[in-house]
Amino acid sequence: MVPQGPNAGASCTLLTVPAVAKDAAAATERPVPSTEPPVARVQQQDRLMPVANVSRIMRRALPPHAKISEEAKEAVQDCVSEFISFITGEANERCHKDHRKTLTAEDIVWAMTNLGFEDYVGPLEAFLHRMRDSEGGGGFGGRGSCRGSPLSLYGLPGVYRRPRAPTLQAPPQAYAPRPVPRPVSVPPSSAAPYFAGGELRRSMVPYYGGSAFQAGGSHRGAFQARGSGHRGAFQAGGSHRGFYTDEAASSSSNGAAPALAPRDGWRN
Amino acid sequence: MRQARPYSGMFCGGVSARTGPHALPLARIKKIMKRSAGETADGGARMISGEAPVVFSKACELFIAELTRRAWAATLDGKRRTVHKEDVATAVHNTDLFDFLVDVVMADHHAGGDDGEDAAALE
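Top to bottom, those sequences are chains A and B.
The first sequence runs 1 to 268 under full-length UniProt numbering.
The second sequence runs 1 to 123 under full-length UniProt numbering.
Same shape as in the complex, but just chain B (with noise of 0.2 Å):
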């Protein structure tokens, strides 16, 4: 139902296509953008053009589909099928690309002690 929609604003005229069919919803990107550049900005809320949560929206996707494809290769090395949290892990250490998801990755490794070791000595 959902793909549905963007279909029939292409159909009605083009009124609504300007948002397509996005894999990710403009409108919390727009959210989490606001976050990020209303805080730093001086004086008055920063404005976002119609574009920008557009082309993150596919920037999101390469970004999603590369960081999983680094996650599948520490899964293959491991001998599994499933893409686990470490992987996800691994890959963002083993990747200086993503270096700045390393705290995103690691808060979630409180639960072992012997992560923090891991996550070193892949450094």
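Bound-form chain A, shown alone (with noise of 0.2 Å):
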């Protein structure tokens, strides 16, 4: 299982006697909320993914008709951790035999290799230069990895790739196209009708990249297929630019009179 460190020890004394009193299914697992010290169950939480996020990706990669039961989300959160742990450990042997101190992005990417995750690899290095571009090569180099492309060690083309239209095909769900939080590449005629002023444009850029990108309105639709990864994000864009064309389509549709009385309200 997942190693513990020292002071999880106390915290699985804990947790084996819910779990004789419980149903096993249930405790063996998750902390016993009523009888558990709040300290326990903190570090119960700690060692795995947060399952509301863990349920978002998995509720993306399934059918919008599909349900999940809890303790298949709680499976699946105690197969992420373990995956983290199994991963990094192979990482850090590698570390350890190149007398590294630092384990890096390479490293994982080995490890997966390693292991049989080597399709993951591709999306990976994709990612990985999608985010150092958004950088421009600053703060993200890292202490440990170089400012290139580490990648390109696996004999990979380690290419300078522009993040316009995602390659990549292994979970297509994940990569949904990323015009994401970047403001400057906004074409300003297609934020134009949204926003009255420019500061008002430049404000809410981030939040409309992605409705900028995409043909009228139907870009959520298409993220919901897909199941985009900013699935969430992008529902809050998709809220606000509802929220701005009600209000743009009002004041154009119904008249002067019925959009202005509220105005006219509240300069009076």
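Hints listed in this document are in silico derivations from the structure and should not be mistaken for laboratory results.
Bear in mind the structure is a predicted one, so any value in this text is a computation, not a measurement.
The beta carbon of each residue, even a glycine, is placed where N, CA and C say it ideally should be.
Wrong hints could be hidden among the right ones.
Partner residues aside, some chain B positions facing chain A, computed with beta carbon under 7 Å [what the hints assert, rightly or not]:
1) ALA23
2) LEU26
3) SER49
4) ALA52
5) ALA59
6) CYS60
7) ASP77
8) VAL83
Both chains are given apart, each in its own frame, so use the hints to dock them into the complex.
This is how it looks when you write it as structure tokens:
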């Protein structure tokens, strides 16, 4: 299982007591809310990814009508933590062998290739390039990794790809186009209809970055169908957009009087 | 609200842009990594570069998606629409790549005595 630190020893002891009393399936992995002290619960949750995040990613991978039981979410939570430990252990050994102190992204990718997860390497490399591109090669260079493309060590082209069109095939859902927060590159003309003033446009562009790149209002549906990784974000952006378009639409379609009435009220 | 923060970070000149909108919390990933990495290091704690948790956040997304889809295949086999823990276990047992998870999913199977037989039959 996941190697436990010294602090977790006490929490394991505490957890076995409720396991006897309650249903074993539920209690072996999760602390009992009523009898467990909060400290043990925090320590238990520390080694797991948040269930909300995990279930969001799960739902994205499934058709919309699918349902997920709570225990399945918890099982995947455990699996993710085990995955991290598994890969990290392998990467750590490589670091150790090379007498290096710092575990880098390159080590992680190497470990994944070694352990059979080579299918992940392509998307990860593209993702890393995108991140470095958005950073401008700045602070993200990190302490232990080289600026260029450490992944080129694996014989991969390491080409500095523009993150316009993701070429990733394997789980496409997670890599829906990400025009995401790039205020600079959003074409002003597409953002103009939503905003009155220039400063408004600038401040709202990160939220509307997604919609600015997509045609019409169908992008929201498209993202939901694809299960984009930023679905939550784009929904937030989408709801903002709806708010503003409603305002714009009401002011244009309802005529001057009804739309202006509340505003006059504010001014008065 | 959670999604708002990464965008405002980007807007603020990209200072915290390195974190970006990740689906999984980097700090917790790093904590789990430290548990695995820190223990086997001989002298001193293993240092973890800033990129490593980021790579993991994406890798975990891929992993969760793959595991979930395989579990869903088991759900469909059972002509159901709700993914259960047993479907996750089936997916693990059916995939060589997920051999390292066998103990993790089996730990949840202590409830039923016949679960062990099912697992053996799947193998």
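Status of each hint after checking the structure:
Below 7 Å, beta-carbon pairs count as interface contacts, and ALA23 (chain B) has one with chain A at about 6 Å; its hint therefore holds. A least Cβ separation of about 11 Å between LEU26 (chain B) and chain A goes past the 7 Å threshold, and the interface hint is therefore violated. Restraint check, SER49 (chain B) versus chain A: the minimum CB separation of about 4 Å is within 7 Å; hint holds. Annotation: interface hint on ALA52 (chain B) holds; nearest CB of chain A at approximately 5 Å, less than 7 Å.
Proximity of ALA59 (chain B) to chain A holds as hinted, the smallest CB-CB distance being about 5 Å (cut-off 7 Å). Restraint check, CYS60 (chain B) versus chain A: the minimum CB separation of about 5 Å is within 7 Å; hint holds. Nearest Cβ of chain A to the Cβ of ASP77 (chain B): about 14 Å, over the 7 Å cut. The hint is violated. For VAL83 (chain B), the shortest C-beta to C-beta distance to chain A is roughly 5 Å, which falls under 7 Å, so the interface hint holds.
Hint compliance for this structure: hints 2, 7 are broken, all remaining hints hold.
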